[in-house]
Amino acid sequence: MTVLSATMMRGAEISFPMLGDFKINPPDSFTLFGLSIYFYAVIIACGMVAAALYCAKRASKFGLTEDNLYDFLLWAIPLCVIGARLYFVAFKWDFYRDNLSDIINIREGGLAIYGGVLMGILVALLWSRAKKIPFFALADLASFGLLIGQAIGRWGNFMNREAFGAQTDIFCRMGLNYPGDAPIYVHPTFLYESLWNFIGLAFLHIWTQKGGRRYDGQVFWLYIFWYGLGRAWIEGLRTDSLYIGDTTLRVSQLLAAASSAAALVILIIKAKKKSNPAEMYVNRQGERQENNG
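At position 60 of the sequence shown (counting the first as 1) the number is 60 in the numbering used here, and the numbers step up by one without a gap.
Keep in mind the hints are simulated off the structure, nothing from the lab. No residue lacks a Cβ here, since even glycine has one placed at the ideal position from N, Cα and C. Please note: incorrect hints may appear among the correct ones.
Stated by the list, open to error - In silico DSSO-like pairs for lysine-lysine, Cα to Cα no more than 27 Å straight-line:
hint, residue 1, residue 2
1, K61, K273
2, K61, K274
3, K23, K131
4, K274, K132
5, K23, K92
6, K270, K210
7, K131, K57
8, K272, K57
9, K210, K61
10, K131, K272
11, K57, K210
12, K57, K132
13, K132, K92
14, K210, K272
15, K23, K132
16, K61, K270
17, K272, K61
Stated by the list, open to error - Taking CB as the label site, the calculated pair distances span:
hint, residue 1, residue 2, range
18, A258, A278, 29 to 37 Å
19, A261, G34, 45 to 53 Å
20, N99, W75, 23 to 31 Å
21, I269, D240, 24 to 32 Å
22, D94, L53, 37 to 45 Å
23, D98, K61, 19 to 27 Å
24, N25, I269, 47 to 55 Å
25, I82, I244, 20 to 28 Å
26, D98, L125, 29 to 37 Å
27, I82, D246, 24 to 32 Å
Starting from the given sequences, assemble the full structure and let the hints guide the process.
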């Protein structure tokens with residue numbers, strides 16, 4: 001089986017046999033005022049904007065204000081991008097130690113989602129403590145943003161012809177080929193992860209809208225469980241995983257499995273305890289406003 005890389009497939013024609021003769025060959029960038037703009041960056045930015053708008057609309061349901069959210073995002077967005085890049089660079093250090101100038105070159109990809117998530121959690125911990133806002137109330141709201149950003153952002157991988165899996169003949173396979181060459185069919189793992197995140201987002205949106213949330217942190221732990229479960233499966237299909245040293249251990253797959261298992265244990269423990277919704281930050285805020293009114 002041929003091991004393919006994103007570099008090998010950059011600019012290849014894309015097809016999906018399950019859609020018939022459908023083929024597409026989108027450019028990975030466009031030029032604006034003489035500057036090359038990569039669709040990867042544009043799509044990532046769109047994911048961030050969509051996540052921010054959604055979370056701003058629902059902030060009050062978690063006891064926060066739009067100002068709280070935007071203040072947090074001013075810190076979180078740039079630091080999460082840095083975290084995602086540092087995570088990627090750390091596990092590709094054999095290359096970057098001899099190419100230090102390339103560390104800041106993210107226009108063509110090279111962001112690891114788990115690095116961004118971990119940095120986001122750290123920023124949320126510090127910011128919530130400084131603002132005297134419960135971390136888990138903020139984390140519940142931010143979980144929706146993470147799902148939206150990840151679901152949309154994966155389409156940047158599609159434009160770059162990256163984050164795909166091993167060769168396969170599965171019905172939903174994706175074909176990659178240059179004109180005149182025979183197509184190579186692979187798992188469209190970017191698509192699997194995007195759909196997985198959209199499903200998780202839809203469930204959590206409907207569930208919380210119907211009042212299913214019983215305590216601060218419940219959405220966050222459900223997010224960790226759901227995302228980790230899907231990522232542990234999907235990462236095993238990919239051909240561009242980050243590995244631990246010279247081993248065959250995929251770092252993101254191990255982290256996903258461990259975090260998902262830990263979240264499940266916490267959810268089970270919490271489910272066995274009687275939660276009092278009145279203790280949620282949003283309800284305490286509402287009671288405080290009524291008393292002040």
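Which of the listed hints are not met by the structure? 3, 5, 8, 10, 13, 15, 21 and 23
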